[in-house]
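Visitor: This is what each chain is made of:
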Amino acid sequence: MKKAVHEDFDGYDDIVREIEYSRKYGVDYTRERSMPERFIDRLHPSRLRLRVADVMDETASARTFRLIPEDNELPPFLAGQYISLSVETGGILTSRPYSISSPPNQSGFWDITVRRVPSGLVSNYLFDQVNKGEILNTSGPCGNFYHNPLFHDRNMVLIAGGAGVTPFMSMIREIVECGLERHVHLFLGNRTLEEAIFHGGLSSLSHRFENIQYIPVIENPSGDYPGEVGLITEKLIKEKLGDITGKTYYLCGPQGLYDFCIPELERLNIPGRKIRKEVYGAPVKVSDCPGWPEEISETQVFSIHVKGRGAISARAGEPMIKSLEKAGLTLKALCRSGECSMCRVRVVSGRVFQPKGVPVRKSDMQFGYVHACVSYPLEDLEIEI
Amino acid sequence: MDGYDTIVIGAGNGGLTASAALAQKGLRVLLLERHNIPGGCATSFCRGRFEFEVALHQLSGMGTPTKPGPLRMMLGNLGILDQLELVEMPDLYTVIMPGGFKIGFKPDKNQVIEELKARFPHEAGGIDTFFKRVYAYANQMLAAFFFKDPAPTREKYPDMYADAFKTAAQVLDELFTDPLLKAVISVYWGYVGLPPDRLAFPYLAMIFFTYIEFKPFHIKGGSQALSNVIVNKFLSHGGTVRYNCGVSKIIVEDGAVKGVVTEEGDRIPARFVVSNASQVSTYVGLLEPEHVPDKVPREMRGRSLSPSAFTLFAGFDCEPDALGFTESTSFLLSDLDVSDRALSRMGELAIGNQPMVVSCYDVGDPDFSPLGTCQANMVTLKYGKPWLKVPPREYHKVKYKCAEEMLRRVEEIYPHVRGHIEELEVATPLTHMRYLGHPEGAIYGYEQYTKDSMFFQPGRYSPIEGLYFASGWVGDCGFHPTLQAGLTAAKSIVRKLEKEKK
Numbered sequence: 024m025k026k027a028v029h030e031d032f033d034g035y036d037d038i039v040r041e042i043e044y045s046r047k048y049g050v051d052y053t054r055e056r057s058m059p060e061r062f063i064d065r066l067h068p069s070r071l072r073l074r075v076a077d078v079m080d081e082t083a084s085a086r087t088f089r090l091i092p093e094d095n096e097l098p099p100f101l102a103g104q105y106i107s108l109s110v111e112t113g114g115i116l117t118s119r120p121y122s123i124s125s126p127p128n129q130s131g132f133w134d135i136t137v138r139r140v141p142s143g144l145v146s147n148y149l150f151d152q153v154n155k156g157e158i159l160n161t162s163g164p165c166g167n168f169y170h171n172p173l174f175h176d177r178n179m180v181l182i183a184g185g186a187g188v189t190p191f192m193s194m195i196r197e198i199v200e201c202g203l204e205r206h207v208h209l210f211l212g213n214r215t216l217e218e219a220i221f222h223g224g225l226s227s228l229s230h231r232f233e234n235i236q237y238i239p240v241i242e243n244p245s246g247d248y249p250g251e252v253g254l255i256t257e258k259l260i261k262e263k264l265g266d267i268t269g270k271t272y273y274l275c276g277p278q279g280l281y282d283f284c285i286p287e288l289e290r291l292n293i294p295g296r297k298i299r300k301e302v303y304g305a306p307v308k309v310s311d312c313p314g315w316p317e318e319i320s321e322t323q324v325f326s327i328h329v330k331g332r333g334a335i336s337a338r339a340g341e342p343m344i345k346s347l348e349k350a351g352l353t354l355k356a357l358c359r360s361g362e363c364s365m366c367r368v369r370v371v372s373g374r375v376f377q378p379k380g381v382p383v384r385k386s387d388m389q390f391g392y393v394h395a396c397v398s399y400p401l402e403d404l405e406i407e408i
Numbered sequence: 056m057d058g059y060d061t062i063v064i065g066a067g068n069g070g071l072t073a074s075a076a077l078a079q080k081g082l083r084v085l086l087l088e089r090h091n092i093p094g095g096c097a098t099s100f101c102r103g104r105f106e107f108e109v110a111l112h113q114l115s116g117m118g119t120p121t122k123p124g125p126l127r128m129m130l131g132n133l134g135i136l137d138q139l140e141l142v143e144m145p146d147l148y149t150v151i152m153p154g155g156f157k158i159g160f161k162p163d164k165n166q167v168i169e170e171l172k173a174r175f176p177h178e179a180g181g182i183d184t185f186f187k188r189v190y191a192y193a194n195q196m197l198a199a200f201f202f203k204d205p206a207p208t209r210e211k212y213p214d215m216y217a218d219a220f221k222t223a224a225q226v227l228d229e230l231f232t233d234p235l236l237k238a239v240i241s242v243y244w245g246y247v248g249l250p251p252d253r254l255a256f257p258y259l260a261m262i263f264f265t266y267i268e269f270k271p272f273h274i275k276g277g278s279q280a281l282s283n284v285i286v287n288k289f290l291s292h293g294g295t296v297r298y299n300c301g302v303s304k305i306i307v308e309d310g311a312v313k314g315v316v317t318e319e320g321d322r323i324p325a326r327f328v329v330s331n332a333s334q335v336s337t338y339v340g341l342l343e344p345e346h347v348p349d350k351v352p353r354e355m356r357g358r359s360l361s362p363s364a365f366t367l368f369a370g371f372d373c374e375p376d377a378l379g380f381t382e383s384t385s386f387l388l389s390d391l392d393v394s395d396r397a398l399s400r401m402g403e404l405a406i407g408n409q410p411m412v413v414s415c416y417d418v419g420d421p422d423f424s425p426l427g428t429c430q431a432n433m434v435t436l437k438y439g440k441p442w443l444k445v446p447p448r449e450y451h452k453v454k455y456k457c458a459e460e461m462l463r464r465v466e467e468i469y470p471h472v473r474g475h476i477e478e479l480e481v482a483t484p485l486t487h488m489r490y491l492g493h494p495e496g497a498i499y500g501y502e503q504y505t506k507d508s509m510f511f512q513p514g515r516y517s518p519i520e521g522l523y524f525a526s527g528w529v530g531d532c533g534f535h536p537t538l539q540a541g542l543t544a545a546k547s548i549v550r551k552l553e554k555e556k557k
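Residue numbers (my numbering), protein chains in the order written: chain A, 24 to 408; chain B, 56 to 557.
To be clear, the hints were calculated from the coordinates, so they are not data collected in a lab. Even for Gly, the Cβ is constructed at its ideal location relative to N, Cα and C. Hints should not be assumed to be uniformly reliable.
[Said to hold, decoys possible] Think about it this way: if two alpha-carbon atoms lie no more than 25 Å apart in a straight line, the pair counts; the simulated PhoX-like pairs of lysine-lysine are:
| # | chain 1 | residue 1 | chain 2 | residue 2 |
| --- | --- | --- | --- | --- |
| 1 | B | K211 | A | K26 |
| 2 | A | K270 | B | K452 |
| 3 | B | K275 | B | K161 |
| 4 | A | K297 | B | K456 |
| 5 | B | K203 | B | K187 |
| 6 | A | K297 | B | K454 |
| 7 | B | K350 | A | K25 |
| 8 | A | K47 | B | K440 |
| 9 | A | K300 | B | K452 |
| 10 | B | K350 | A | K47 |
| 11 | B | K221 | A | K47 |
| 12 | B | K275 | A | K385 |
| 13 | B | K221 | A | K26 |
| 14 | B | K456 | A | K270 |
[To be verified] To list a few chain A residues with every Cβ distance to chain B over 10 Å, as calculated:
| # | residue |
| --- | --- |
| 15 | V110 |
| 16 | R138 |
| 17 | E204 |
| 18 | E217 |
| 19 | N243 |
| 20 | P316 |
| 21 | E317 |
| 22 | F325 |
| 23 | S326 |
| 24 | V329 |
Generate coordinates for the entire structure from the input sequences, incorporating the hints supplied.
Guide: As structure tokens, this is what we get:
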């Protein structure tokens, strides 16, 4: 055989010897079968099977489900993160994100606290059909709504509406149970005091711990309510905080809370980087979103042709992900709020509506990719999933 | 008929170009990707109003329209050049040290040499010789191998014969005495993953040569734009892509590939399989041991895993110059040690004095981030091994502790960064392991010692008929080499089919 050119390069023999040695004393990779997957599963399992260990009523319409691991240990999470619960009900395979309300130091179980939504497919299923002992399938913890010690202030102002209190409960419990050096003001808005989830627990923590200030704000209190009444306004925030600087503001709740409270914070000249907002699902009424075309009504029905799967019908006012699920085409999804991009699909033809501010990658926009959980058909579509 | 001519596992750079090139030739190609988005490393993610670039720092081999480089020609052949907005980066690199030392280079050979001589006049002679040798090596290498000289000799290519198997440190020590100069001139070792006394001189030479001759580039929309453009081309050629679809097994019968089984259990027949997954997971995870000839694990034994990376992705609520980001690519050095100590520091959790690179894409591409904001990608190399020993419950604590240490290093040079952070995401070696599926999160595949170069290693072919590799695990790492790896794999398949026709 002809000698290769490089065999004459200076130092060739040394390299050949080096290869010989390295093969003799090197790494046996055959022992590492599926090592990366097994390691990553300890931190970021893609699926978990959890058993309902307990079901506890919080209010007339809110219930906590205590979940224990069926297989392995629970992975770690950061207070404020959520899990995505997969549910099959009424012939529809779907999922919903729920913030973990128990603290991360509690590694034996996770609590999720669910409020029953009158027409809610999943919340009603959980309330009516899920009892102690049931197995639930969930994702691992995910989401970007947590205290980031690198740049968030130790003084935390938490502003919640309704069931938006759940991630804050996890944060507060961690602070008191682990003795973290953080100071919290929690403004919790509810229509009535009876509806306020964790009211009792938070009141008592607030009494016991100097660094926890709990400020329930009731919109329509019954009778003579001595506490804060109305909405979480600029004035109330200023009055309760005194010094508004050096604090990071975290908001979690329905769109109405953001629409009202963010301008209030802006009036206080809180810089945008100090305001953290949790995603909270698709808009309740998408036709109220700025930019929705007037001529389209939410009840209009269009046809979506899904490449390789046939046509389905879809209501303009319903996120595409739900129309697909009803037709038996379940996409992978986590946040269902536009943020995580798991349900990214390509719109080949046709117009869709996407509310302003959904974080879609620039080049995804260019090539017609949308996040199906916050995309609505405005005409007949052709898509690829 | 549900079979394909070729199944490509993984939509990273190599998988993407292999898919597009094969579909362009009329083959029925199925591209399978575990994640919901194509790109592998060549991707981005959104936080708040920022879209963060994951991996691309300086695209090499591009060249200008009038002086096209190999990558520009390659993208032209794929028919995608006109869909990419390429931005020539104004800087080669800048080195900054605490205490005020700063030296900046433009992608211009004379400027680099003059700047170095002005700062290191006592080393002027060596500086001239260094670049002469860099260019001589690169030109001789290209003449002998790229342009395929049928009869190369030592007389024709003296520098190549002399320097090809030297380490960078050997050449630096021959020419220089000043440790600061040695550190400044060799910082690009971070793009390969081995410090100069381990790094092959040819790597350092080719990096300087290609960046200076073909200029460093950046892509509007980041590397995700490149990935999306290639997928789009692939689809337009009739290709099929399935996301969220991992592969659990490559089916082999009688020593030849027959198809794959997906994680969902679908069995899909195919004549060829191109793996863009790591070589380790392909041979060890996807193939049954009885199908892997003994020589494969024996050859793999001699390879070691490259470092992974520890990265901060930061979005700031101000323009780059307000923070002092005036160059697109800056290496921060706290220590001039480029010996084995640099290597062992990469094996520790603590950030310490390690070199790091800060890339601010908004310098040179002001619309990269939203108006009035900017982002920086700050990276230091770290082996994955110590991270595998962190108990899961300690993970977040350790991650933020290291990130805090790194941020303090950055603050030494850019004191105002922390006050302007609007978004900050941290990626550890485990993050890279999670998203790439590489053992120990190795971002550069196997380590690239001289013994690991194409001269000595089997490359893209496998002893299993019909199985090809297209990734940074079978050759060099980086965008240009991995994009090329996919094309080379495609070419091998096309050639095989043509031969059969005859």
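Visitor: What are the numbers of the hints the structure violates, in ascending order?
Guide: When the structure is compared with the hints, none of them turns out to be violated.
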